[in-house]
Amino acid sequence: MTTQAPVIDRATVRKVARLARIRTTEAEEETLTGELNKILAMVSELNAVDTTGVEPLTSVIDMALPRRADEVSDGNCQEQILANAPEATAGFFVVPKVVE
Amino acid sequence: MTKLTDLTIAAALDGLKKKDFTAEELVTEHVRTAEAARALNCFITETFDDAIEDAKDSDARRQGKKEGVLDGIPIGMKDLFCTEGVETTAASKILKGFKPVYESTVSQKLKDAGTISLGKLNLDEFAMGSSNGTSAFGGVINPWRSTKHPEKDLVPGGSSGGSSAAVAARIIMGATGTDTGGSIRQPAAFCGITGIKPTYGRCSRWGVVAFASSLDQPGAFGKDVRDSALLLGAMAGYDPKDSTSVNLPVPDYTAGLGKSLKGLKVGVPKEYRVEGTNDEIVAWWDKGIQMMKDAGAEIVDVSLPHTKYALATYYIVAPAECSSNLARYDGVRFGLRVEGDNLIDTYEKTRAEGFGREVKRRILIGTYVLSAGYYDAYYNQARRVRKLIWQDFINAYQQCDVLLTPTAPTAAFGTTENTTDPVTMYLNDLFTIPASMAGMPGISVPVGLNNEGLPIGLQLLGKPFEEGALLQAAFALEQQAQFNALPQYVTARAA
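Here the protein sequences line up with chains A and B, keeping their order.
Heads up, the first sequence is in the numbering used here, so the first residue is 48 and it goes up one at a time.
Heads up, the second sequence is in the numbering used here, so the first residue is 13 and it goes up one at a time.
Careful, some of the hints might be misleading.
Reference excerpt, derived from the structure (chain A facing chain B, CB under 8 Å, subset only) [said to hold, decoys possible]:
1. Val-63
2. Thr-71
3. Glu-73
4. Ala-74
5. Asn-84
6. Ile-86
7. Val-107
8. Ile-108
9. Leu-112
10. Ala-116
11. Val-146
Restraint ranges, calculated between C-beta atoms of paired labels, are given here [said to hold, decoys possible]:
12. A:Asp-97 / B:Glu-287: 19 to 29 Å
13. B:Val-312 / A:Ser-106: 24 to 34 Å
14. A:Arg-114 / B:Val-312: 37 to 47 Å
15. B:Val-286 / A:Gly-81: 22 to 32 Å
16. B:Ser-336 / A:Gln-127: 18 to 28 Å
Per the computed footprint, the stretches of chain A lying under chain B, defined by three or more beta-carbons under 8 Å from a beta-carbon of chain B, are [as the list claims (entries may be wrong)]:
17. 92–99
18. 137–145
It should be emphasised that the hints constitute simulated quantities derived from the structure, not laboratory data.
Fair warning: this is a prediction, and the values are worked out from it, not measured in the lab.
In this text, a Cβ means the ideal position worked out from N, Cα and C, and glycines have one as well.
Given the sequences, and given the hints that come with them, work out the whole structure.
So this is what it looks like as structure tokens:
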């Protein structure tokens, strides 16, 4: 089976950038459209590979994820967690107002 | 007289033991060399003063016979490893000023072994790149120069370009790196040194800034195979804090060095003979095959039929994981924040300002291939092909013990080359990506110079968790090749 890679247009690039929470200018979207289409054209060759019956690989090492004891461990390190915050107050991260 | 910066780690340990010199002398000599080499831009953060203090502690430990296995050895940390209290940037504007409150497992293990870090080494932003050109702190200059175009600055490879350039320029004796698609092996080849990426799961990823978690793996750079083995031995090992770290004992990686290759089968995969590979590199590959034969190994032709799909698979899987991993940079908990009108505006402005172009491209590709409607066509298809690539290696290893290939399709190129089209840059990792997709260990060993006097590396790939056999084969190749050329930067300094 061979299918053409869906070519993305500027509107799609803009939408994806919104999903990724990256602000883009029109000029950037224009450049990105060209670049992303080149990359998508390159990766589209995978459509030619017959993968019938092949399980997707999740991990290269054959092991089950280890389990830990189900215990509360907040680490007791609130200060360290907040140490690099651009803005913190009274033990919390501070963000712009979310609810009007 | 041999300068202290010329020594290998193995020779320096010997000298320290015999009291020929102190760790303070050894470290000070490297710090002086590093200070004089700032033009190469190897470091993002220098910790020279701390290093000299640490060296005094090292001498005290040795005096009290409490030294670690690599005590007093000056090294550098790729600036992707979190280091407690020392700025860790991943070469990104978005992490500028970030001082981790904890130490990565690998850097802690190296500290425990007594190594002394001179600082944090430059890299491509978030390890995404093959030239070091995407660093927000400017690119690194390769200490090697073309004899035909000596005026031209060359790239050190990437993403661990600061690591490879600093070891090649003899600023440090060894360095850490991380390899997601070739980020240790390709820069090692470009800089004429040795770089090993162990099996996925061999070294802990805890405290390593994540790029593509199913591929990222820490590894080491050394002047030669033995030094790489010594460093890897100190870095490797099970870590309960990394759920993909494998609980296997770490053998003495130097134990097999120098042992005969009799009975060892070296596979030569025909799919690595691809158009576009530089003729001289192909010629050196053929010479390398002969060298392995001369060293007593048996050469076997093997086939890895899905090799040609590895690059495409990588450029779906790695961006997909990158888009998830880099979602954490939101201007709330650490790093840069650009204030917006509301929370989403803050996120968008912060990420627009904080990430460079290549990182944005990869986040967008990843977001796209994971988005509704494309997830199965792109992401799941890539994971299925990845399974086939992995199976190719497992099948090949039924017939041979290691594989021999070129490391990169070209030697080091100019800092202004390969920058216009992202896909051209991606081709640099053509030979290193398949083993990354399969999690196999790999090492690049310098074997010779091209007609411009630039180093060429060959890649050996091994079976999972058999780094010992891989290093044994690499040591034999090194012995045969007798590569001892030095970068112009080092020879000019000596003159």
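Here is how each hint holds up against the structure:
For Val-63 of chain A, the shortest C-beta to C-beta distance to chain B is roughly 5 Å, which falls under 8 Å, so the interface hint holds. The interface hint given for Thr-71 of chain A holds, since its Cβ lies 7 Å from the closest Cβ of chain B, which is under the 8 Å cut-off. At its closest, the beta carbon of Glu-73 of chain A sits 13 Å from a beta carbon of chain B; the interface hint therefore is violated under the 8 Å criterion. Evaluation of the Ala-74 of chain A hint against chain B yields a violated restraint, the C-beta minimum of about 12 Å exceeding 8 Å.
Among the interface hints, the one on Asn-84 of chain A is violated; its C-beta lies about 11 Å from the nearest C-beta in chain B, farther than the 8 Å criterion. Hint status for Ile-86 of chain A relative to chain B: holds, with the closest Cβ pair at about 6 Å, below 8 Å. Contact between Val-107 of chain A and chain B, as hinted, is supported at the beta carbon level, the nearest pair being about 3 Å apart and thus within 8 Å. For Ile-108 of chain A, the suggested interface contact is upheld, since its CB lies about 5 Å from the closest CB of chain B, less than 8 Å.
Here the hint on Leu-112 of chain A is kept, as its CB sits about 5 Å from the closest CB of chain B, short of 8 Å. Given the 8 Å rule on beta carbons, the hint for Ala-116 of chain A is violated: about 12 Å separates it from the nearest Cβ of chain B. Nearest Cβ of chain B to the Cβ of Val-146 of chain A: about 10 Å, over the 8 Å cut. The hint is violated. In this structure the hint that Asp-97 of chain A and Glu-287 of chain B lie 19 to 29 Å apart at CB holds, the actual value being about 24 Å.
At about 29 Å, the CB distance of Val-312 of chain B to Ser-106 of chain A agrees with the hint of 24 to 34 Å. Between Arg-114 of chain A and Val-312 of chain B, the C-beta spacing of about 42 Å keeps the proposed range 37 to 47 Å intact. For Val-286 of chain B and Gly-81 of chain A, the Cβ-Cβ distance of about 26 Å falls inside the hinted range of 22 to 32 Å, so the restraint holds. Distance hint check: the CB atoms of Ser-336 of chain B and Gln-127 of chain A are about 25 Å apart, consistent with the given range 18 to 28 Å.
Counting residues of the region 92–99 of chain A whose beta-carbon sits less than 8 Å from any beta-carbon of chain B gives 5, enough to reach three: the coverage restraint holds. Proximity of the region 137–145 of chain A to chain B, defined as three or more residues with a beta carbon under 8 Å from a beta carbon of that chain, is established by the 5 residues found.
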